[in-house]
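Novice: Sequence:
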Amino acid sequence: RVAPQPLALGNERFVANNPLPQPKSPDEASINPFAIVVGMAEVRLPIERVFDVTPGDLVVQRVSGGIAGREDSTLFASLEYAVTRWRPKLLVVLADSDSKIVSAAIDQVSGDVIP
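Under this note's numbering, the first residue of the sequence shown carries the number 5, and numbering increases by one thereafter.
Treat the hints with care, since some could be wrong.
What the hints assert, rightly or not - The list that follows gives simulated cross-link-like pairs (lysine to aspartate or glutamate, DMTMM-like), each with its CA atoms no further than 20 Å apart:
1. 93 <-> 46
2. 104 <-> 116
3. 104 <-> 46
Simulated from the structure, these hints should not be mistaken for lab results.
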């Protein structure tokens with residue numbers, strides 16, 4: 005499956021308040037995340053619910069403050085572990101539409117601002 009499609013369809017179901025029935029919890033064999041979602045700590049819903057996915061479909065990391073991280077940070081190590089272990093096809097950074105932190109990170113990556 006193409007990684008962004010299930011997230012987009014799941015978010016449409018979430019917005020329409022029409023979620024799929026979900027199992028109580030995943031068994032070890034069913035944990036095979038296709039995406040990593042880095043979300044801000046202030047998001048008040050489980051991110052899996054926002055995308056209406058089955059438990060085990062996402063690796064979810066919550067952060068406060070900067071998302072760029074440093075190589076010695078817990079976030080960086082956790083993302084590196086998830087990529088090595090499951091090889092997900094997609095990384096999503098979930099933030100509000102006016103996030104100055106995300107805008108600054110995009111400026112740095114695009115070369116507009118020297119970090």
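Novice: Each hint should be assessed against the structure and marked as holding or not.
Specialist: So, going through the hints one by one against the coordinates:
1. 93 <-> 46: violated, 25 Å
2. 104 <-> 116: holds, 15 Å
3. 104 <-> 46: Roughly 15 Å between the alpha carbons, so the hint for residue 104 and residue 46 holds.
Violated hints amount to a single one, hint 1; each of the other numbered hints is respected by the structure.
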